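Please take these sequences and the hints and turn them into a complete structure.
There are 2 protein chains.
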Amino acid sequence: MALFTASQNHFLAHEPGLNRFRVVRAQQHMLLLDHPKTKTANRATRLAESLSHVLNLHLHPTSHKPLDLLSVHEEKHSTPTMSPRENISEKWREIQGFSDWEEILDPLDPWLRREIVKYGEFAQATYDAFDYDSFSEYCGSCRYNRSKLFERLGLDKNGYTVTRYIYAMSHVELPHWLERSHVADTWSKDSNWMGFVGVSDDEETRRVGRRDIVVAWRGTVAPCEWYEDFQRKLDPIGHGDAKVEHGFQSIYRSKSEATRYNKSSASEQVMKEVTRLVKFYKEEKGEEVSITITGHSLGGALALLNAYEAATTFLDLPISVISFGAPRVGNIAFKEELHQMGVKLLRVVVKQDWVPKMPGLLFNERLKMFDELTGLEWVYTHVGAELELDVHSSPYLKGGLNLVGFHSLETYLHLIDGYLSSETLFRSEARRDVALVNKSCDMLVDELRIPHSWYQLANKGLVCNAHGRWVKPERDPDDIPSHACQVYNDHLGIVM
Amino acid sequence: MALFTASQNHFLAHEPGLNRFRVVRAQQHMLLLDHPKTKTANRATRLAESLSHVLNLHLHPTSHKPLDLLSVHEEKHSTPTMSPRENISEKWREIQGFSDWEEILDPLDPWLRREIVKYGEFAQATYDAFDYDSFSEYCGSCRYNRSKLFERLGLDKNGYTVTRYIYAMSHVELPHWLERSHVADTWSKDSNWMGFVGVSDDEETRRVGRRDIVVAWRGTVAPCEWYEDFQRKLDPIGHGDAKVEHGFQSIYRSKSEATRYNKSSASEQVMKEVTRLVKFYKEEKGEEVSITITGHSLGGALALLNAYEAATTFLDLPISVISFGAPRVGNIAFKEELHQMGVKLLRVVVKQDWVPKMPGLLFNERLKMFDELTGLEWVYTHVGAELELDVHSSPYLKGGLNLVGFHSLETYLHLIDGYLSSETLFRSEARRDVALVNKSCDMLVDELRIPHSWYQLANKGLVCNAHGRWVKPERDPDDIPSHACQVYNDHLGIVM
Chain A
1 MALFTASQNH
11 FLAHEPGLNR
21 FRVVRAQQHM
31 LLLDHPKTKT
41 ANRATRLAES
51 LSHVLNLHLH
61 PTSHKPLDLL
71 SVHEEKHSTP
81 TMSPRENISE
91 KWREIQGFSD
101 WEEILDPLDP
111 WLRREIVKYG
121 EFAQATYDAF
131 DYDSFSEYCG
141 SCRYNRSKLF
151 ERLGLDKNGY
161 TVTRYIYAMS
171 HVELPHWLER
181 SHVADTWSKD
191 SNWMGFVGVS
201 DDEETRRVGR
211 RDIVVAWRGT
221 VAPCEWYEDF
231 QRKLDPIGHG
241 DAKVEHGFQS
251 IYRSKSEATR
261 YNKSSASEQV
271 MKEVTRLVKF
281 YKEEKGEEVS
291 ITITGHSLGG
301 ALALLNAYEA
311 ATTFLDLPIS
321 VISFGAPRVG
331 NIAFKEELHQ
341 MGVKLLRVVV
351 KQDWVPKMPG
361 LLFNERLKMF
371 DELTGLEWVY
381 THVGAELELD
391 VHSSPYLKGG
401 LNLVGFHSLE
411 TYLHLIDGYL
421 SSETLFRSEA
431 RRDVALVNKS
441 CDMLVDELRI
451 PHSWYQLANK
461 GLVCNAHGRW
471 VKPERDPDDI
481 PSHACQVYND
491 HLGIVM
Chain B
1 MALFTASQNH
11 FLAHEPGLNR
21 FRVVRAQQHM
31 LLLDHPKTKT
41 ANRATRLAES
51 LSHVLNLHLH
61 PTSHKPLDLL
71 SVHEEKHSTP
81 TMSPRENISE
91 KWREIQGFSD
101 WEEILDPLDP
111 WLRREIVKYG
121 EFAQATYDAF
131 DYDSFSEYCG
141 SCRYNRSKLF
151 ERLGLDKNGY
161 TVTRYIYAMS
171 HVELPHWLER
181 SHVADTWSKD
191 SNWMGFVGVS
201 DDEETRRVGR
211 RDIVVAWRGT
221 VAPCEWYEDF
231 QRKLDPIGHG
241 DAKVEHGFQS
251 IYRSKSEATR
261 YNKSSASEQV
271 MKEVTRLVKF
281 YKEEKGEEVS
291 ITITGHSLGG
301 ALALLNAYEA
311 ATTFLDLPIS
321 VISFGAPRVG
331 NIAFKEELHQ
341 MGVKLLRVVV
351 KQDWVPKMPG
361 LLFNERLKMF
371 DELTGLEWVY
381 THVGAELELD
391 VHSSPYLKGG
401 LNLVGFHSLE
411 TYLHLIDGYL
421 SSETLFRSEA
431 RRDVALVNKS
441 CDMLVDELRI
451 PHSWYQLANK
461 GLVCNAHGRW
471 VKPERDPDDI
481 PSHACQVYND
491 HLGIVM
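Residue numbers (UniProt numbering), protein chains in the order written: chain A, 1 to 496; chain B, 1 to 496.
Hints are computed from structural coordinates only; laboratory data are not their basis. Just so it is clear, the structure is predicted and the values come from calculations on it, not from any experiment. Some hints here could point you the wrong way.
If chains are identical, the list can't say which one is meant, so a pair holds when it fits in one copy or spans any two.
Pairs of lysine-lysine residues, derived as DSBU-like cross-links and limited to a Cα-Cα distance of at most 30 Å, are as follows [said to hold, decoys possible]:
| no. | residue 1 | residue 2 |
| --- | --- | --- |
| 1 | Lys398 | Lys472 |
| 2 | Lys148 | Lys472 |
| 3 | Lys351 | Lys285 |
Structure follows, in C-alpha cells:
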C-alpha cells in the first residue's frame with residue numbers, strides 16, 4: 001500500500017493566474033524535486049543536468065551570503081522603495097541609447113538603472129493586472145480600466161498616463177498563447193489584452209527632458225513547442241531581406257472583422273495611438289518627443305516588431321527599446337535594418353535565463369560553425385546592446401536550477417536594482433522591495449520568510465454576500481473592456 | 001527539444017494551507033492526469049484503475065444533470081444559506097441518538113440534518129482558522145482567538161461560545177502530522193492547535209432542550225505510511241481488552257513539561273474544561289447537560305477516544321459523537337465497551353471516500369474470511385450508526401475519481417444538506433452555499449464557474465505598508481496564542 005509518497009508533494013494544484021508560466025513552471029517542478037527517491041525524480045535529475053549542460057548554466061550556490069540578511073531586509077521595511085528621482089533632462093539622449101549605451105552600461109549609470117526599472121515596471125504591470133481566471137467572463141482582459149491601472153498597481157508615482165489599451169489575436173494556432181474564458185458569454189473569444197500606450201505627464205516630461213511616449217507589451221512564456229514548430233518559419237518584414245518569426249508576427253499583425261477587439265490589429269492600434277500622440281505633442285505643441293517600447297519575454301519580441309514599424313513611420317523620432325528576457329526575433333537582415341534605421345535596443349538578460357537563448361538554442365549556440373555548411377539563412381540573431389545580469393550576484397536569491405525564477409521579470413528588476421558593474425557584488429544601497437521577487441515564483445532564500453508565488457486574490461475573487469453566499473462579484477462597469485472607448489479616445493481633450 | 005509538454009501542467013506549485021491534504025492531493029493529481037501521453041500518466045492511469053478496484057469505487061459519471069443548474073444556483077444567491085432553526089427541545093434525545101438513530105436516518109429527519117450540519121461546521125472551523133503558513137511564526141496555531149473565532153468564520157449564528165482551545169503534540173513520530181514553523185522564534189515547536197471546547201448560549205440551549213457542550217477536533221488526512229506503519233500497533237485503552245490505534249492515542253495523550261502548550265495533554269485539557277462546564281451548568285445551575293463531540297478524518301478518530309474517556313468520567317451524561325469521514329480507531333473490544341457505556345456514535349461517510357476504509361483496507365475488507373485462520377486479534381472495526389452519502393446524488397458535483405474531493409468535509413456537508421433518503425435524489429430545497437464545496441478541492445461542475453481551491457488569503461497574508469513594501473503584518477496581539485489565558489479561563493465569570 002505504498003501508494004502515497006512524500007516525494008509527490010510537489011505535484012500539487014494548478015494555480016491559475018500563472019498560465020504564462022505553466023510550461024516552465026511544470027518543468028521546474030519536474031526538475032526541482034527534492035526527494036530524488038522515485039524513478040520520476042531520478043529522471044528529473046538527469047534531465048536537469050542535461051538541460052543545465054545545454055544551457056551552459058552555472059549552478060554553484062551563491063557564496064558568501066551575509067549572515068544578517070534578514071535584519072538588513074527588515075531594516076529596509078521603513079525606507080522608500082526607490083532612489084529619489086533626479087532630473088535627467090540634460091542627459092536623456094545618452095540614457096535612451098543614442099551612443100548605444102557604450103560608456104554607461106558597465107559600470108551601470110545610476111540614472112540609467114532608474115529608467116530601466118521604470119520601464120520594467122510598466123512591463124510588469126501588464127502581468128499584474130491581467131485576468132487569468134478562466135471562469136471569469138473577462139478572462140484575458142485587463143482587470144482595471146486604463147485610467148485606474150497605474151494607481152491600482154502603485155505605479156502612479158512614475159508620472160505617466162495610459163492613453164490606450166492594446167488588444168491582440170492570432171490567426172496562427174499558437175500553443176498556450178491565448179487565455180480564454182470557459183464562459184459562453186465572454187467579452188471576447190479571440191482577443192487578449194496585450195499592453196498599453198502611455199505618455200509622460202508634464203512633471204515627468206520636465207524631469208526626463210522630453211515628452212516620452214511609452215508602449216508596454218505583455219509577455220508570456222512561449223512554450224518549447226512553439227520554438228520547435230516555428231523556428232524554421234520566418235515571415236518577411238519590410239521590403240528587404242528582413243524576416244521575423246512567424247508566430248510573433250501573427251500576434252502583432254492579425255485582425256478580423258468578425259472580432260470585437262481586433263477589427264484592427266495590435267500593430268494598427270498602437271501605430272494609430274502613437275501617431276495621434278506624436279501629432280499632438282510634436283506637431284501641435286512643438287515639444288521634443290521620444291518613443292520607448294518595452295516588454296518582457298514574448299512582450300520583448302513584440303516590442304522589437306513595434307520598433308521596426310515605428311522607425312519606418314517616424315523617421316526623425318528617437319525610438320528606443322528596453323527588453324527583458326526576450327527571445328530572438330528575426331534574421332541578420334532584420335537586425336541590420338533596425339540598426340540602419342537608428343532604433344536603439346537595450347536587451348536586459350539574465351545569464352541563467354533560457355528564453356533569450358531561444359529559438360534555435362541548439363542550432364545557434366552549438367552549430368554556429370556549420371552555418372555556412374548548412375546554408376541556414378534563417379538563423380536567428382540578437383540585436384542591440386546587452387546588459388547581462390547574474391542570479392548569483394544577489395545574496396537574496398536561492399541557488400539551484402529554477403527556470404521560472406530565472407525568467408521572471410521581477411527577478412530581472414531585482415537584479416538590475418542591485419547591479420553596479422560586471423565586476424562588483426550586489427549594490428548594498430539597492431532599495432527596491434525584495435519581496436516582489438517571489439510574486440510568482442520561488443526565488444528568495446527562506447530566511448527572508450517571504451512565501452513563494454504570493455501574488456494572489458483573496459478567495460480567488462469570490463466575496464461573501466449579505467446572505468452569506470460566496471459569489472463572484474460583478475466587475476465594476478468602469479473596468480469592463482469597452483470596444484467603444486477604444487475607438488473614441490478623448491483623453492487630453494483631443495478630438496480625433 | 002520536446003522538454004515541455006502540456007501533460008505536465010498538473011504538477012504545479014504547492015499550496016500551503018492544504019497540508020492536511022497533501023498526500024491525497026498529490027495522489028489525485030497523479031491519478032487525474034488528462035493527457036495520458038507520458039509514461040507517468042500511463043502508470044497513473046493504471047494506478048487509478050487498480051486503486052478504484054480495491055476501493056470498490058463506482059466511477060460512472062453523474063447522470064441526468066438538470067440543464068439549468070447554473071440558473072438554479074444563481075437564483076439561490078439571494079436566499080439564506082440555511083433552513084430556519086426550529087425548536088427541537090422536545091425531540092433532542094432522539095436527535096442525539098438515544099435510540100441509535102434507528103427511525104430517523106433513512107429517510108433523514110430534517111431536524112437531525114440541521115444538527116449534523118451544525119456540528120460539521122464546527123469541525124470545518126478547525127480547518128478554516130488554522131495557520132498553515134510555514135513562514136509564519138504562528139504556524140500550527142489558530143489565526144483568531146477563541147472569542148473571535150465564530151464571528152470571523154460566520155458561525156456566530158449557531159449560538160455557541162468557545163470556552164477553551166485544545167493543543168496537542170505527539171511523542172510518536174507521525175509522518176506529515178505536525179505543522180511546524182520554519183521560523184526559529186515560533187510560538188511552539190511541538191504543539192498544534194487541535195480544536196476547541198464550546199457551549200451553547202441561553203437561546204440555543206432553549207432551542208435544543210439542554211445545555212450542549214461541544215468538542216470539535218481538527219483533522220488531517222493521515223498519510224498511507226501512517227496506516228501502513230501503525231495498523232499493527234494498537235495500544236490498550238481502559239482496563240479491559242479494548243485497544244486503539246497507536247498514533248491517534250499518542251496525539252490524544254502526549255504531554256511534556258518541556259513544552260509551552262502541552263504541559264498537559266489534549267486529553268487533560270479537554271477533560272478539565274468539560275468537567276468545569278459540567279460542574280457549573282449541571283451541578284451549580286441544575287441544568288440538563290449533553291456532550292457532543294465532533295471531528296472529520298483524524299479529528300473523528302480523536303473524537304472517539306475523547307468520547308471513551310468522557311463516558312468513563314461522566315457516567316450519567318448523554319454523550320454523542322458525530323464524525324465525518326473518520327478512519328477506524330480500535331478493535332472489537334473497544335467498540336463493545338463504547339456501546340456498553342452508552343456512547344452514541346453517528347458516523348457520516350461518503351461511499352467514495354477511502355479514509356473511512358482505513359486502516360486495514362486490504363485486511364478488513366478483503367480478508368475478513370481469514371480472520372480466524374490468521375488470528376488477527378488487532379482487526380479494526382467501525383462503531384455506531386452510519387449515514388452513507390453518495391457523491392453521485394448531487395447534480396453539482398463532477399464525476400471522476402477525486403480522492404481529495406471525496407474526503408473533503410465541505411463535500412460531506414453539501415451531501416448531507418441534499419440528503420433525503422438512500423432512495424431519493426438530491427433535495428431540491430437544499431440551501432447550503434454550493435460554492436463552499438470548492439474551498440479546498442475541485443469537485444463542482446465547471447458550469448457553476450466556481451474556481452477550485454478558492455479559500456485563500458490575499459497575497460498570502462502579505463500587505464503593502466506605507467513605504468510600498470510588502471511585509472507580513474504583526475499578528476493582532478489578541479490572536480497570539482497565549483499559554484496563560486489557557487490556564488486561567490475566566491469566561492462566564494467562573495473563578496476556577
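Going down the list of hints, with the structure as the test:
1. Lys398 with Lys472: Result: close only across copies, 20 Å inter versus 37 Å intra.
2. Lys148 with Lys472: This pair counts as both: shortest intra-copy Cα distance 21 Å, inter-copy 26 Å.
3. Lys351 with Lys285: Answer is neither: 43 Å inside a copy and 75 Å across each miss the 30 Å cutoff.
Violated hint: 3 only; the structure is consistent with all others.
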